[in-house]
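K.L.:
Sequence:
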Amino acid sequence: MNPIIFLHGALGTAEQLHPLTAKLNDNDRIHRFSFEGHGEAAEKDRPFRIEYFADNTLSYMDQHEIDQADFFGYSMGGYVALYLAKYYPKRVGRVATLGTVLKWSPEKSSDETAFLDTDKIEEKVPKFARMLEEQHPEDWRKVVLKTKELLRYLGENPNIKDVEWKSINHPIRIHIGDSDATAGLNDTIQVYNVIPNAQLVVLPNSYHPIHKVDTKILAQSLNEFLHM
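So the sequence shown is numbered by numbering that gives the first Met the number 0: it starts at 0 and just counts up by one.
These aren't lab readings, by the way, just hints derived from the structure by calculation.
One should not assume that every hint holds.
Straight line, CA to CA, 35 Å or less: simulated DSBU-like cross-link-like pairs of lysine-lysine [as the list claims (entries may be wrong)]: (1) LYS165 - LYS22; (2) LYS123 - LYS43; (3) LYS165 - LYS215; (4) LYS141 - LYS102; (5) LYS160 - LYS22; (6) LYS22 - LYS123; (7) LYS211 - LYS119; (8) LYS126 - LYS215; (9) LYS102 - LYS147.
Start from the sequences and build out the full structure, keeping to the hints where you can.
P.N.:
What follows is the structure, encoded as structure tokens:
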């Protein structure tokens, strides 16, 4: 069976996924790393972009002599995995996602960047600011600002356009919380209906943040899907 690479979400690091991977079978197949500029991963003199995060993933695979991998991606990490499936299909086996925004537009970007103000984060949610500082000790504010710019860019330049989803032929299992206001259940279902080999799992009593997801049900789904 393929190795499984876990890809973290925006503002996160590889450690974000540890509570989930601890619940999975075959931990010797699991790989995690942080995208450039996140956590301890070195920053590069370029903006955050999905294609650059995909390059990070391919470089990790090459360094670990992984020809093909299965993927789980949370939020932004899921979009990176789907990008790889579209543009590097031979490097990808199965893809599972959680809470991934699949339909990008300027309006969606505006909604998602509204709270990404570092001063307001420090003032109104200081606990979140401290968490970001622990995760990104070099400069958490820079991570927030570069993420904000990435989301604005995605709104104008989606890496996968609505008409392109049908070209992804890999086995895909899309997970979304029934109360996920970020990914949006309706938007997710629209894309799910277009991807040829997609499956949809709606997690009950679950929201967008990964710590507010029913990880027991999610782990059961991943153990099943990634062992088919």
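K.L.:
For each hint, tell me whether it holds in the structure or not.
P.N.:
Hints and how they fare:
| no. | hint | result |
| --- | --- | --- |
| 1 | LYS165 - LYS22 | holds (32 Å) |
| 2 | LYS123 - LYS43 | holds (30 Å) |
| 3 | LYS165 - LYS215 | holds (31 Å) |
| 4 | LYS141 - LYS102 | holds (26 Å) |
| 5 | LYS160 - LYS22 | holds (34 Å) |
| 6 | LYS22 - LYS123 | holds (33 Å) |
| 7 | LYS211 - LYS119 | holds (23 Å) |
| 8 | LYS126 - LYS215 | holds (26 Å) |
| 9 | LYS102 - LYS147 | holds (17 Å) |
Figure legend: structure checked against the earlier numbered hints; every hint is met.
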